[in-house]
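Engineer: Residues per chain, in single letters:
Number of protein chains: 2
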Amino acid sequence: MNLLFLGTSAGVPTKTRNVSGVALRESKGKGWYLIDCGEGTQHQVLHTKLSFHSLKAILITHVHGDHCYGLPGILASAGMGGRKAPLTIVAPAGIKAWLEATCEATQLCLPFTLEFIDSDELPSVEFESIAVTTFRLSHRAPSYAYGFTERKVDADLNIEKLTQKGIPRGPLWGQLKQGFDIEFAGEQLKSQDFLIFKNKPRKIMIAGDNDQPDLLMDACTGAQVLVHEATYTEEMAEKAGDVGHSYGKLVAAFAESVQLPNLVLTHFSPRYQLNSNATPSIEDIRKEAQSVYSGSLYLARDFSEYTLDKAGRFAELSGE
Amino acid sequence: MNLLFLGTSAGVPTKTRNVSGVALRESKGKGWYLIDCGEGTQHQVLHTKLSFHSLKAILITHVHGDHCYGLPGILASAGMGGRKAPLTIVAPAGIKAWLEATCEATQLCLPFTLEFIDSDELPSVEFESIAVTTFRLSHRAPSYAYGFTERKVDADLNIEKLTQKGIPRGPLWGQLKQGFDIEFAGEQLKSQDFLIFKNKPRKIMIAGDNDQPDLLMDACTGAQVLVHEATYTEEMAEKAGDVGHSYGKLVAAFAESVQLPNLVLTHFSPRYQLNSNATPSIEDIRKEAQSVYSGSLYLARDFSEYTLDKAGRFAELSGE
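Protein sequences appear in the order of chains A and B. FYI, the numbering used here numbers position 225 of the first sequence as 225, with every residue one higher than the one before it. Position in the second sequence (from 1) plus 1000 gives the number in the numbering used here.
Because the hints were derived from the structure by calculation, they are not lab data. Not one of these hints is a red herring.
In silico DSS-like links for lysine-lysine, alpha-carbon gap of 27 Å or less:
hint: 1; chain 1: B; residue 1: LYS1015; chain 2: A; residue 2: LYS15
hint: 2; chain 1: A; residue 1: LYS96; chain 2: B; residue 2: LYS1096
hint: 3; chain 1: B; residue 1: LYS1015; chain 2: A; residue 2: LYS84
hint: 4; chain 1: B; residue 1: LYS1030; chain 2: A; residue 2: LYS15
hint: 5; chain 1: B; residue 1: LYS1200; chain 2: B; residue 2: LYS1190
Pulled a few chain A residues facing chain B out of the computed Cβ check, cut under 8 Å:
hint: 6; residue: LEU46
hint: 7; residue: MET80
hint: 8; residue: ALA97
hint: 9; residue: THR102
hint: 10; residue: GLN107
None of the values given here were measured: they were computed from a predicted structure. Glycine residues also receive a C-beta, built at the ideal position from the N, C-alpha and C atoms.
Could you put together the complete structure from these sequences and hints?
Structural biologist: See below:
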């Protein structure tokens, strides 16, 4: 699995950072998922190798504009680019009504079907190689985190059990290895009972705006990576008041408490600059977070790319 | 008056060109008007000196997404940037309903008032230094051209007429020179009857999508500049079929027929590249247009900037 950040600014874009959008790519093939779609996300996609034809789903964390104003344009462009396959949209209910109003008002007739799934019902959605689960967060608008768990994990056949059961070497072994349940000697046999898994399934949590990271305690079980907003430093968060956002240290302290191995912070207020000598700088958020977290900490930039390998090792890919 | 192109691509953005948006700046002060607002227009504005505080009005030519999907984001950012002054939006009626639906669905509460004016009623709108008139075009959706005419033109007093009338040199002369009508010896006297205008008022026509440039014949009277779409070359326009767009030669032939001195083409299909050696290139559109037009022809690029001086001279400013 692979993460590619398309925007890391909160609220408004800056000259160097777009508003929210993250692409999660499947480990095999070209399939990808878009989590949030701020204005200009389609422009960012133009500078990557991502294709709208292989986009499996768009998941919106909440209805605020910096997380969804790019939706009409990205759908229109996918349509003009010839996409025909239905597209799943997992989003709070308001998004469905808004997109319908948009199509109506702007004469947008998409050549593909949108299949809406309401985040407010905390759905679990299974795609071919990834299962998505939904968790509620705390923000000014209903906000959600999405967990992406690998469905098929590399496994070896348990030869001892197969032999014990008397299943003959051949096509049935192949089916079991590929994850299919079989019928043998009048009995239903489950694939997972005859496999030895090499690794735990990969799991990445991607959270929307949220001022209570603790809400993700159960959600983070088994996750190798959490992507979470860190809009401010602690001092700035206090000045900003009750706006429903987290600061770096708060998120990092939570990640430490659940022994999460990898934390990626994003959604930095536009006042924070990339330059580490600037005031304030994104480095200020890093320092605070690092002070309370012993895992691997990453602060995303636009076009930052990370990979999570089969063994659960997470790393930033070097830029082009 | 000054034109700054923020996007020159039709339908979808490319790596080097955004979708439609043009800034028209007043000759004095910082006031500006935004004509069309495709997705990412606010991102383009970040790379200019334009401020959302001095934006006088947004005028939308028609409801298609590549001309209006940047509206919610630009309004939200103007609000977050502290704008308080009301903002005039001249647009087809569908835009008002769509923006209201957007504010509702995405919890967008703007700290300034939107004053909508319905283009479908072909309004004439007077701002402090510019008057805007509206003209109907031909496209798949109701589409409009907006004419921007300078309201105050430099003038000298007609001393001979003032002396003839016996008006004493002093404050009354000053009022007449500044364009105010006066009462003198029981008679209402009109400012314009005592002025000698140095130049014709400046006038720029900016048209939306349109497949019948001839419709602008009357609108172009007195205009020094027409900005018009030229989505294709003639050959490509024939292939594209009845999609409501113009090709360069069609627009240029019209401009020639009304002896328009300056024509700026824009809104090129994304397949046309900037590189003159590419196939197809925007240069192909230029060549066709140039073959039938004897005035000054310009093909806009993103961030192309043009100035129209008091004497009606139009010129491209060299890039930074």
